[in-house]
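Enquirer: Residue numbers (my numbering), protein chains in the order written: chain R, 1 to 48; chain X, 1001 to 1157.
These aren't lab readings, by the way, just hints derived from the structure by calculation. It is possible that part of the hints are untrue.
List time: in silico DSBU-like cross-link candidates among lysine-lysine, alpha-carbon distance up to 35 angstroms [as the list claims (entries may be wrong)]:
hint	chain 1	residue 1	chain 2	residue 2
1	X	Lys1095	X	Lys1056
2	X	Lys1148	X	Lys1095
3	R	Lys11	X	Lys1056
4	R	Lys11	X	Lys1095
5	R	Lys9	X	Lys1095
6	X	Lys1148	X	Lys1056
7	R	Lys9	X	Lys1148
8	X	Lys1148	R	Lys11
9	R	Lys9	X	Lys1056
Computed Cβ-Cβ distance ranges for the label pairs, DEER-style [to be verified]:
hint	chain 1	residue 1	chain 2	residue 2	range
10	X	His1141	R	Ala3	21 to 27 angstroms
11	X	Met1001	R	Thr24	28 to 34 angstroms
12	X	His1141	R	Ile47	50 to 56 angstroms
13	R	Ser40	X	Cys1041	22 to 28 angstroms
Since the structure is predicted, the reported quantities are computational estimates derived from the model, not experimental observations. All residues carry an ideal CB built from backbone N, CA and C; glycine is no exception.
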Amino acid sequence: MSAIGQAMKRKEDPRMITGRGRYTEDISLPGMLHMVVVRSPEAHAAIT
Amino acid sequence: MTEPVALVVNGQRREVSVEPRRLLVQVIREDLDLTGTHIGCDTSQCGACTVHVDGKAVKSCSMLAVQADGASITTIEGMGSGDRLHPLQAAFWEKHGLQCGFCTPGMIMAAADLLARNPNPSDEEIRHGLEGNLCRCTGYHNIVEAVKSAAGSGVPA
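Extracted from the complex, chain R is given alone in its bound form (with noise of 0.2 angstroms):
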């Protein structure tokens, strides 16, 4: 009951503060692929 209408530091933010935050891109995992888009130089051409 003492916790009700106290400020109370998040559990998550340790992590975050001190860059071990695992954002999608900062995973990294054995054998991974890596996908880029290549788009078309041509804003209208023929693809032949």
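Chain R is already provided as a structure; the job is to place chain X on it using the hints.
Expert: Coordinates of chain X only, in the frame set by chain R:
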């Protein structure tokens, strides 16, 4: 065609071999596995990539790795020591200066440089000093409070 680049990163000597076009942020995140530094844009606007190069805040997305040859780099992982939080880290936690936390490492690195140059900034000076760092979550209010609080507790330069 790679070039050798010698760095001191968070006090540790590191050597990498990089293409000249490789950005410092890519070396930090991919070659050195320090993923606390984030990439939040393609335009040098967001500041999530902010680190210290020879003591000064730099957007690591806007520097080539080869330009940092011989430099001393500090990343968010190098703030504080062991289990002791840097005053800015503690203040961001205490003052709820983060929500998703993505901008936070960059904010802390930029704020550390700001406080080293101006140890007692006004709200206005904090906001101006952090103009290069964007946050989508907090509305900046508690970020300013956190920086003020860290300044009040005496942030080491």
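Enquirer: Confirm or reject each hint.
Expert: Comparing the hints with the structure gives:
Of the supplied pair hints, the one linking Lys1095 of chain X and Lys1056 of chain X holds, its CA atoms being roughly 25 angstroms apart against a limit of 35 angstroms. Only pairs whose Cα atoms come within 35 angstroms are accepted, and Lys1148 of chain X paired with Lys1095 of chain X is accepted, the gap being roughly 10 angstroms. At most 35 angstroms may separate the alpha-carbon atoms for a hinted pair to count; Lys11 of chain R and Lys1056 of chain X meet this at roughly 31 angstroms. Simply put, Lys11 of chain R and Lys1095 of chain X have alpha-carbon atoms about 13 angstroms apart, close enough for the 35 angstroms limit, and the pair holds.
For the given pair, Lys9 of chain R sits about 8 angstroms from Lys1095 of chain X by alpha-carbon distance, which is consistent with the 35 angstroms threshold. Pair hint Lys1148 of chain X plus Lys1056 of chain X holds up; C-alpha atoms about 20 angstroms apart against a cutoff of 35 angstroms. The suggested pairing of Lys9 of chain R with Lys1148 of chain X holds, with an alpha-carbon distance near 18 angstroms, which does not exceed 35 angstroms. A threshold of 35 angstroms between alpha carbons decides the hint, and for Lys1148 of chain X with Lys11 of chain R the separation of about 22 angstroms falls inside it, so the pair holds.
Of the supplied pair hints, the one linking Lys9 of chain R and Lys1056 of chain X holds, its CA atoms being roughly 30 angstroms apart against a limit of 35 angstroms. Distance hint for His1141 of chain X and Ala3 of chain R: a CB-CB separation of about 24 angstroms, consistent with the stated range 21 to 27 angstroms. One distance hint, 28 to 34 angstroms for the beta-carbon pair Met1001 of chain X and Thr24 of chain R, holds here, with the actual separation near 31 angstroms. For His1141 of chain X paired with Ile47 of chain R, a C-beta distance near 52 angstroms keeps the hint of 50 to 56 angstroms intact.
At about 24 angstroms, the beta-carbon gap between Ser40 of chain R and Cys1041 of chain X stays in the expected band of 22 to 28 angstroms.
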